[in-house]
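Asks: Residue strings, one per chain:
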Amino acid sequence: MEAPIRAREILGFTLLSLLFFVCRSSPSHNLLISNAERRIDLSSHIVKVYLTLKVENAGSTPTSEILLAFPPTQVDHLATVEALVTKGKRKKTTIVHLDVKPTELPDAPNETKYFTIYLANPLNSGESTTLEVLYLFTHSLEPFPAEIGQSESQLVFYRDSALILSPYHIKQQTTFLKAPSTKVESFTRVEPTNRAGTEMKYGPYEDRPSYSFSPILIHFENNSPFPVVEELVREVEISHWGNLQVTEQYTLVHGGARHKGVFSRVDYQSRPSLNGVSSLRYLLARLPPRVHSVYYRDEIGNISSSHLRTDSRKSELEIEPRYPLFGGWKATFLIGYGLPLQDFLFESSDDRRYLNFTFGCPLLDTVVDKLTVKVVLPEGSKDPSAVVPFPVEQHFETKYSYLDVVGRTVVVMEKKNLVPVHNSHFQVYYTFKPMFMLAEPLMLTTAFFLFFVACVAYLHIDLSIRK
Amino acid sequence: MAAPEISTAAVPTLYTNNALRNAFGGVLAFFILLLIGVMAFSIRLFSVIKYESVIHEFDPYFNYRVTQFLAKNGIYEFWNWFDDRTWYPLGRVIGGTVYPGLTLTAGTIWWFLNSLNIPLSVETVCVFTAPIFSAFASWATYLLTKEVKGTGAGLTAAALLAMVPSYISRSVAGSYDNEAVAIFALIFTFYLYIKTLNTGSLFYATLNSIAYFYMVCSWGGYTFIINLIPMHVLLCIVTGRFSSRLYIAYAPLVVLGTLLAALVPVVGFNAVMTSEHFASFLVFIILHVVAFVYYIKGTLTPKMFKVAVTLVVSVGLAVCCAVIAVLIALVASSPTKGWSGRSLSLLDPTYASKYIPIIASVSEHQPPTWPSYFMDINVLAFLVPAGIIACFSPLSDASSFVVLYIAASVYFSGVMVRLMLVFAPAACITSGIALSQAFDVFTQSIKFQLPGISSNKEVDAAETSSATAEAQNDAVKTEKSEETSKNRPSKKSKKKEKEEKPSTKAKAEKKRLLALPLDSSVISLLLLILLGAFYVVHCVWAAAEAYSAPSIVLTSRSHDGLHVFDDFREAYAWLRHNTDVDDKVASWWDYGYQTTAMANRTVIVDNNTWNNTHIATVGTAMSSPEKAAWEIFHSLDVKYVLVVFGGLVGYPSDDINKFLWMVRIGGGVFPHIKEPDYLRDGQYRIDSQATPTMLNCLMYKLCYYRFVETDGKGFDRVRQTEIGKKYFKLTHFEEVFTTHHWMVRIYKLKPPKNRIRGKTKKSKSKTSSTSSRAKISGTGKKNPWH
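First to last, the sequence lines map onto chains A and B. Mapping of the first sequence onto this note's numbering: residues 1 to 467, in sequence order. Mapping of the second sequence onto this note's numbering: residues 1 to 786, in sequence order.
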């Protein structure tokens, strides 16, 4: 059953790669890659690829743009691409982050998608530089078999190419794949291919032309749970009375092989090493330090299985879902906490205030399919604007909370397909007059004053007709 | 409150002192009441502090779900709501079968708060509705008792009610049940009745009808009001206390109240058709006859009157006999004599256990035990007789009502433990009267014995025991008001009363003759305070320990700290997220409301036990062997079966302990289920001595499936025994989820196709005839078509 499928898939990929060869085009042939090394880490459900490229300008004109190519199937799962250059000699190396942007090329073969790396200094002809590229894939490990019982371990497929897809000629390249355990069921051989323990080495391959492609398929055991947050809504509410209230609403699903048939508690409890090894038992959330009033609940009440550990640098919240999550099982929950405002709200030079907060999901090692961050500014704040280090969808809403009259401005930011790398800081700038802080207390005071005046007036008025 | 002070400033100095004291007393009483309200609210928060802000138990979950629906869809949708999540495949018309008072109250509070931009969730509002209304209830108690025996008694009664354990048990935060608002409505209706009786004001009579309407909306216990008030009216008439005030208090209530009650869909025409309401109509007629007689008596000369009486009585008796005969014939023609099952079991305590096992199976419908009286009303049980005696001296219309109220409620509480709740306010009112009268007597005697104090009484009274002094003052005042002015007291007349106060001094002089010795009264006072302290300690203990558990989350304290058993919500959350939206879940009816509310899945039966046959079907399935049970469940479209099992952790109210009720209820409709089959020599047991029927029934198998593997012996910690049948396999069900402590186990019905093999083959052969013709000719000889 397994073999024919793989054979067919491999055939398909070979055909695809042939097509690449046939209709390859030639953008900027003046660049070539003299040496490429790729390390693919398959130990968790987020596939990490470290790519080291030695790029050489063989042409005559200086260039500052280097293209990275991805097959369309991978682009959908691509969460982030980062590139950096190490400069200087051994002692004092500095790391320079480079801009990476998705690019459309008109004559891309087979819908190949591109990312452009913008070098800080143009690469003159004859010069060479070494780039380090990191990119992450989510949802790229396909469970096979797709459904497993409680006592079975989780096997997954990973598909890639033995050769690096690139618009440039690559002189020499090697690919290393690291599986989480030595239990590798099968892997495609593209000679020379070696396997040593958990690592598979493809290459070195010499002098491959641009758009070379050679599909490989690895079938291996990955028993780590696949926590996927299908939807996360984070609401950050600023109160100028000194508190920052964060509420996070999760829809969590185990993205691994679906659970099939019986769930036996007696097996699960008595033999935890054999039963439900890939089940999701607990999650770790890393919260900012000085966090207070943490709560963890769902729509039917508090969930009692959580622990909070705090120290001066970070707080760790260990949460257990109500039940262990097997493949395909879902759970929803809510985490809320308060933070001291002075740690996150600052005044900028132009007399505006800005909130500096982390964007991504605080749960460690999770993929977030869709994240919505809502920053609720205090009532009366004006000119909000958000600065986020990566592209997000933005719009504004109005929210009414305790004793609001005009409503609070909410900055809503949405992004899809997030990984822990996205836990960087973002800023929301706004102007706010401290006078507005007094609006609500004054309103209450006035209301009570009027009430007492009405009481006094009532006691002094005699409305009876007969005297 | 400051007004009298100012208005009497110009009055001669003789009165100034008194007016000041009155104003001071008024302010004091106001603040005492405020504190009582705060106490009533906060003593009920133990459940939130010890556990969490969550809805409790079973019925509140249904009310919560209805409130959610109301908040989301609005009132018109609510009236027309047909709920297809329960009683599958029958469904239930929620809007027409529910007492909407509680839901509408909480819904209105929620709507009000949200329109003020206070974003509280529906759940929060529901959790805190009961504590808020118990504060209202204690204020209503104050008003009622004040009408009967004055401010002091009122304050004492309010304080007692604020923390009476019986009421706390039904109104802790999270106990979102009808009783939470109904007790307030009950007391408030009684207060307005007494108020009308005392004043004869139509305004209060109308308010009374509206309060009665609210009570009808809230709770089925409204029949208590509509029977008790007629009884009191009858009592007044019989004891010759008929007055125009009595007429005004009663007639509008019957007419308006019945009209309003008929507006509530769940009551509807029951308000005029059922026997529960007949007493009120009968008394209504009697009242009119009496009123007419009094009127005639006033216009005719005594001689003519006698003649008229004999004439009317002879004719009237004949007519009455005829009408009563017709009525009795009508009532007797219906099988239950026009009474509902619960009401009948009230009148005849043995009725339910004889005929309706489903009513008898509910623990709160059992008669209470003596300790439960002490647990629920504590020292009030001893104070009540004293209070009744105090009510007789002097006996007024209002105090006779209290006596009647307590007599009736004592009887009802003796029948059904749930009605202890109706008894508690009566006990609080009478005990409040007793306590305040006792304090009165003792403080009066002390004042009389101490010569230094009696000379400048006013000043010291305000300082030392101002509350009690004030109480005495007002007690005298109301007595006065009863005697002097029965008409509507406008503000002017209230002021006048206060100015009349000095004349009561003469009365106080009389009272001095009744004074007790100093030391004995001091000791008695101390003892009374001790008694009160004991009551407070007991109430706080009851609120904190006995009545605060939400019962969906259990805790146990062991040497290594607090252990939480959150299995119910674990199972419900699992059902909610990991089963299909339209899957049907079968369980015993206790868990129906929780399953629909927390798991949002369709259930077969729930806690609204309106269809006995349906419940019996589930009971039969649970007590049948696996195959028969599978067939029953399959015919009901059930996909999951949920059982509650406490054997691993020792949770006693699990399904095995409830199982005999399932057998009884099932056997009541399906006679092939016989209770003796499940009992060995009349004993219910699950060990090796148990009957084969018991060991093979579905409930046993689902509870103990693979239980033996936990400890190797299969020791059940609730029954304290090893189970009878340890190793067995399930053929028609498969385990899909068991919670952490095994308290909830969920099984899935296996799909049917593997069992009826012959049939599927036949149907297959029809569709794909060409390919397997050879096979069919060999095996399918029975089929005439080939």
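If you're looking for bench data, these hints aren't it; they were derived computationally from the structure. Please note that the accuracy of each hint is not assured.
What the hints assert, rightly or not - Rough simulated footprint, nothing fancy, chain A against chain B, three-plus residues with beta-carbon under 8 Å:
hint, region
1, 108-120
2, 274-288
What the hints assert, rightly or not - Calculated cross-link-like contacts (lysine-lysine; reagent style DSSO-like; alpha-carbon spacing at most 27 Å):
hint, chain 1, residue 1, chain 2, residue 2
3, B, K627, B, K750
4, B, K658, A, K260
5, A, K113, A, K399
6, A, K330, B, K627
7, A, K399, B, K750
Backbone N, C-alpha and C fix where the C-beta goes; we use that ideal spot for every residue, glycine too.
Asks: Hints broken by the structure, by number, lowest first?
Replies: 2, 4, 5, 6, 7
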